[in-house]
Each structure stands twice: as C-alpha cells, then as structure tokens.
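Chemist: Protein chains in written order, with the UniProt record's numbering: chain A, 1 to 224; chain B, 1 to 259; chain C, 1 to 482.
For lysine-lysine, the following PhoX-like pairs were computed, each having C-alpha atoms within a straight-line distance of at most 20 angstroms:
#, chain 1, residue 1, chain 2, residue 2
1, A, Lys112, C, Lys109
2, C, Lys109, C, Lys200
3, C, Lys32, C, Lys42
4, C, Lys197, C, Lys174
5, A, Lys112, C, Lys200
6, A, Lys112, C, Lys197
7, C, Lys109, C, Lys197
These aren't lab readings, by the way, just hints derived from the structure by calculation.
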Amino acid sequence: MSAREQILQRLRQRQGQPLQAPPCDFSVMEHRDWSPEEKLERFERTLESVHGEVHRVNRAQWMDRLADVLSTRGARNLLASTSHWIGQALRDAQREDLPPLLTYDRPIEGWKPELFNSVDASITSTRGGIAETGSLILWPTTDEPRLMSLVPPVHIAVLDARELYPTFLDAMRAQHWAAGMPTNALLISGPSKTADIEQTLAYGVHGPKELIVLVIEDEPDSSP
Amino acid sequence: MAGPTRIYPSKPAKVYLFGTCLVDLLYPEAGLAGIQLLEREGIEVLFPQAQTCCGQPAYTSGYHDEARAVAAAQLDLFPEDWPIVVPSGSCGGMMRTHYPALFKDTPLQARANDVAERVWELTDFLLNVCRIQLYDLGEPATVAMHTSCSARREMGVAAVGPALLGQLKNVTVKEQARAEECCGFGGTFAVRHPEISGAMVNEKVAALVDTGARQFVTTDCGCLMNIAGHAEKSLQPLSGQHILSFLWERTGGKGGTSA
Amino acid sequence: MSQSPHQIDVREFHPRAQAAINNPQIRRNFRKAMDGLISKRKLAFEEWDLESLRTLGANVRLKALSRLPELLVQLEQQLVANGIQVHWANDGDEACHIVQAICARRQAKRVIKGKSMVSEEMELNHYLEQHGIEALESDLGEYIVQLAEETPSHIIMPAIHKNTDEISELMHDKTGTERSHDVEYLTASARQQLREKFMKADVGVSGVNFAVAETGTLCLVENEGNGRLTTTVPSCHIAVTGIEKVVANLEDVAPLLALLTRSATGQHITTYFNMISSPRRPDELDGPEEVHLVLVDNGRATVYQDDELLDTLRCIRCGACMNHCPVYARVGGHAYGTTYPGPIGKILMPHLLGLEETRHLPTASSLCGACGEVCPVRIPIPDLLVRLRQESVDGDHLHPARVRGHGSKRSKLEAMAWRGWRWMHTSGNRYRLGTRLATRLRALQPRQLGAWTRYRSAPRLARRSLHELVREHQNQQGGPQS
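The task is simple: from the sequences and hints, build the whole structure.
Modeler: Dropping the structure here:
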C-alpha cells in the first residue's frame, strides 16, 4: 500500500466522535464601510508604518513624480513592462529625466546575474490595494514576471486609487479569486525586512530595500 | 482579557462557602474574613463541615481517578440551590471549569454541572453580586495587587481585586510590571521544576518590590505562599496577605460598612 | 554541518533548563524579545473583536479537520490539475527520501531553503548533507542558526537566543564578515552571500502556511523575500508540509492570515504573502519548471484519532504561545530539546516522540493559561497538558491513555501517595481529624520542605483550621450549623 493510501486510510478510519464542520461566521472581518478617502488614508498610514513610501499623484503627473523618485536615488536604469500601459507610456514618453528602460523579455535563466546585480529599480502595475493592511495585490504576468517586484533594490508600484479594497477578504471576493488563481498571486506590504538579529528591523534583506507606491487619484470625471 | 462572561444574580439570602484546603490549613483567617465580609452584607454563610479539597492537586498531577473521588465527595455538600463562593480563583476555577469535564459521562455529571454553575470567586461575588461598598478605616497604605492566573484566566475576575482596593480611600494601589505573568507557583510544578519556578517567583518578587509597595495582596493562597515565601527567604522587604484579610482589616471588622 | 536533533536527548530537560536559567545572557535575550512581542501583539489586535476572530479562526481550522481526508484528496486533484506534483510521506524519513530523490533525478547538488518547521521535524538538512547535497538556509534567522550549527530556538524567530554581538562574532568566524554592531551591515552582508547562493541553487525547498484545497494553492507568509526567491529562482521548487495545513476554501485564508501575523509578531500583515498555484507556464519568463508538494504525516494521523488531542492539529504555528509563556521566557527554546519548543511543543512533541522521551515536558508548566488565552485558534493548551500528565501516569481509568509511551512516568510510590491523599480527602471526618492533628503538631513542622524551600521559606500551618474557626465563629453568633 502506498503512503498516500496508508495516510488516507488512517484518517478515514478515525475513531472517536464523528467530526462536524462548525459554522464559520465571517462577519467579524466584514463591513469595513470606509469611504474612498478613508481607505486611501488608511492604506497610506499602514504602508508608511512599515517603511513603505506612498505618493498621491494624478494621471497627468505620475511620470514626473517617478522621475523625481528615481533621480533622488540615483537609479541608473529602470526595469519596466512592455505591453502594460505603464511600460508603454514610459517608453512612448522618451523622457530625458528618466533613466534607461530595461526590458524583462527573456527567461530568467538568460540574464540572472544581470537582473541580480545590475538592475537598480523596477516599476510594476498592481491589481489593487488593501486599505486595512496597506498591501498591494500583484498577479505577475509574462509582461511583469515574478522577480520584477523582488530582485531590484527599489520597487515602484502603480496603484489606481479606485482599486483600493477595504480588506483582503473583500478583494478576493470582488475579484473572484476562488474561480481561478494565477501561477503566482502576491500581497506586498512594504519593503523586504527582517528582525532576526535581536528584533532590530533591517530592510532589504533579500528583496527590495524600498517600496514606493504611486497612487493615481483621478479627477472625478476622467476615465482611464 | 475578558474571561467567561457571567450574568450576576441579585443578592441571595444564603451562600455556601467552600474554604479550600490551603486556606483551611495555612490561611484560615482569610476564609473567616471572607465569611465576615459576606455576613456584613446580610448574607448567611453555610460552611459544610465535611468539605475537604476540590481535587485540583491530583487533577493537575494527572491522577484523575483520585481527583474525581475527592471531588465527588464535595458534590453532595451543596444540596440547596445557593451560590457556592470560594476564596480562591484556583479552586474556584477547578470547580467551575474542570468539574464538568471530570465528571462527563459519569452518573455524577448532572450534579457536577450544577455545582460548577453555582461556583463564584468570593471577591467577584462581593463586588458584583453584593455590590459591596467599602469604607476604609485604616491608616494610609500602599499595596501592590497580584491576581492569580486562575482568577484572571479561568474565572475572568482580574478587574475585581483592583476595583475593591480602589474603594479604599487611604490605600494607594501600585501596578507591578508584567502584572499578567504567573508567579511560578503552579502546584506540583513548584517542586517538580524548582529552578524554573524559582526563577519565576524571583522576578515576580522583584516586580512587586519595584512598585515601592512593601505589601501585596492576592486572590490565591498558592501565589501568596509562593511569593511571600520567596520574599522572606531572600530577605526582600515585601509581605503578603490574602485580599480578603486585607479588606476585612481595613474596613474595621464589623462596623466598617453600611450594608 | 547541521546538528541532528536526534543527537539531543529530550529527557535531559532539567539540566538544559537549569543551564539556561543560570545564563544571564540567554535570560536577557529572551526576556527582551518576549516583552517586545507581547506588547506588539496587543497593539495589533487593538481595533479588532479579537474573541470573535479567534472563534472564526478555530472554526475555519475545525472545518478543515472535520473533512481532512476529503480535503487532502481535493487538494491533490487541484494541484495536479494545476501542474504541481504531489507526494505523500508517512514519516520524516520518507519525506526526506522523496526530496532527495527529486534532487537526484534533477542532478541537483545545491538546495536553498526557505523557513520550514516541517523540514526541521524531518531533519532534512542533515539527510541531504549525508547524500552529498548542500542544503542552505536562507531565512536570516535560520541562516544564523545554521552557521552556529544549532537548531532554531523559536519557530518564528529561530535565532532569538542570540544578540547582535554573538551574531557578529559568528558571522566573522564563519563567513569573514567584519565585526559590527550595525544590524543593517550584518544583514547586508548576509544578503550578499545569499544572493550568490540563490543564483546558483538547483532546487528551492520551502514550507507551506496554508494549502487551499478549493483552488490548489500553496500560501507562504514571510517578511524577507527569501521565501519568494526560494520558490521562484531555482528551476525546481519542493514544498513540504504537514497534512493538517490544508484549508477548505480560499476565503478561509483571510482570517487565518489576519490571526497569524498579528499573533506572531504583531504585524498587520507580513511583507509578502505568496500564493503559488502552478509551475511556470510556457509563456512565463520566471518561476520553477517543476513544483512538488510533499504531504507529511509523521504522527499527525494518530493524533487525529483522539477527540481532544485533535485540537493540536489546528495550530497555525504563530508562536504566540511561546511568546507569552513564562517558562519559555526563562529557559529559552533549546532547553526543550525538541523541534517545536514552548507550550505548543509540549503538546505536539509527545505525539511525535512518545511520552517516554518527552516525560518532563507536560509537567514543565505552571498551567498559568497564558498560552491558551492568546492562541489564535483556541487550542486549549493547558487542558491538553493536563491530559498528557494523565497519560504519563495512566491516571484515569475512565479515559484510557492513547499516546505512545503512556504510563511511563507512573511510579508505585507516587501512585500510593495519591491513593493516601484520596483516602484522607474523601471523608470529612478523616480530613478533620488529620488537619486537627496537623495544626496541633505545628511546632513539629519541618523547616525544610525539599525543593520548595530551596527558594522559599516553608509555609506555616495555622493554629486552627478554618473548619474550627468557623465553628467557633458560628457558636459566638449562635448561628447555623451545617
């Protein structure tokens, strides 16, 4: 008999009282009735409390802010998507105040040392944010692969303020996650950190040392 | 943290008192003070003379057959439907939270559940059922309060001791650091793991001494003999008293309050 | 390189505890850490209806356990449909062999590891090293512990027993890092060394915090990013987990995550919550080509048989019980000599190792209840400790003992003493006579009471018992007799 069958048999032939699934009342996690401003304010406060940086921008000036952010850090390059509107906009803009744009256009095996050692910053989109925990939702794609948000020392993420959900539970319900999960789904809530040495916080232990979020707040009448 | 919430009944005419073996042999004045405080509130206190021990020492040592036998001998002592008050969070916790499990699926189950349902920690009963009003007649004094773990977590009465002491106008109550931490008594734990228990009580005494108070009061005799015993042995300037003895003394015995 | 926990005799608890208590550095390191963690947890739940959330957490776990075999099959089906290979292991050795066989097939020589307590339980590093495979820990705490050739002293913060100086000295000795008090410098140095290892690793091994049956998703909770690197950079990812980690629905993850990070370190959420549902798809540019899940039983199915002990399987490994344990704070994690230390270890390890070997663990508790009070899934840890004490001495004929090695602590003398105690306390008359005698002979009371008086003066018997005082009092009052 295989280990699988042995284990399942032990579990199925359980002695003792029959087990019943208790009702699960999720209401303690529901009904965070925050206004859009409250959500944004909470997102900001929570993310900043864990060393994240939040910039409120509008659709017209986000690239200016990005250029500021990158130049103050002396970033020599920026890894950006090719087909997502963020990458496209950056490439189309051809701005001189932005560093050269890099492209993640081949399998990681082809450029591991370069990605690990030579990329200064990356910019990715998000699938929304979570107000309660100050989290970004990322579903990496071919256009924005998994390591893009992890390996460069500075990660910049663009979040549409309209896609802020009160809680993780709200987000997964609204976006119907249970109907189909991607290869990799991520919540990112701040830069990489550790407190493994005497509970002293240190950032960038394995992933980015900095997480910068550009929250795009649109004028009420504008559309994406 | 809140313990199990209870609905407090109106003040009854009578209560049973279960004195506990530690009070009986080591601190009987605390039990008597409890009785006198209750009587001053106009309650008749019934003390079944056949009572011995709640069974906890055997229970926590794993000798459940022995614990059950001794506990069973107590179940018959409270035939009428009066509350059972206990001057200890620990023994109260045993009777209230562990009797039902100990007697589950035995012929005594119903009676054990009935007894458990009627058990009250004595200070909780004074404050929340009797709604006692204390009039302090003592000299100004400073005390620290130590609530036992069982009073805090099994009986959920951590707020009671400080509230009662707060009624004493000449008493300053000092909060110890890490008030929620165990003093290290734990019954047989203290002798099975003496070094760990010793380290715990050492820090507990230090925390109490650090408050500046020279005396502490507590809800439980286990903590009392552990903490006061260590203070005495290590020559620390700290003495202890059961909170009931303290309350009775401060309020001048009989004439101390209007009921 | 790494020390096999098998070399540690769990029964030698007392000398290890004693040594830790006498080591002021260890005492300070743990105390400082525990104080910080306790206050952070409190703050993190400030806005919450914590008791309702704990109830939900417990119920979500119970829901999963109530359908455990079905959910494991569903999990397997979903994972396989997603392209993840599933393996089953009866015990740690089988699980090690599965991991090693995958490595061998892939000719992998370098394994990088994310934090996994199940792999500690399996003693995986030791096993792989014996088979010529380097297994390197990448979580900073685990990395430090591995450099020191030790085992973790805490399930969340493995190197909590060391302070900065000790770590600096260790990194200097083992990696040539310059000595420094600057935590950022030490961290950066470890980053540099580990990045090289990540790039060269053939296989990544991680644990799993929750495995979702509904969607076939493996969830990992972490702050450092080493977990993401481990599960993304090498071409093969092997996740190892206990069979109890499965949850039914994706939504169930939400309350457990909310409870886990706040209970563990007082964080609203960790930096990364990593949900993996498949290997790299053909059009994707990174991620492992192969993903495996090894489901490890290792005694869990045995625990599953028992209505009470089953509660231990709810555990989500947050470590709050040890953070709040006054015994753990005094003796530290290594004194236990077990993979899982602290209160949860005291109730888990007897199932894994048997009560003979773990004989001193269930009694090493004052039953203060702090662990049960903070447990995010309401495991009644103190009650289970009492249950195991009962099993140790076979003390309850109504509830026959089940755990391996039960009865191994029963001594004739002790059993006789308790029978004597019972004889005395089952009769009011015998008891009154006995106490009357004791109080009258109080002058003869010994001043030394063994272990008790090592740290305390002996309690003094009262002149007269409460029984007597009450009678006197009632006589004075002309009151009732009962």
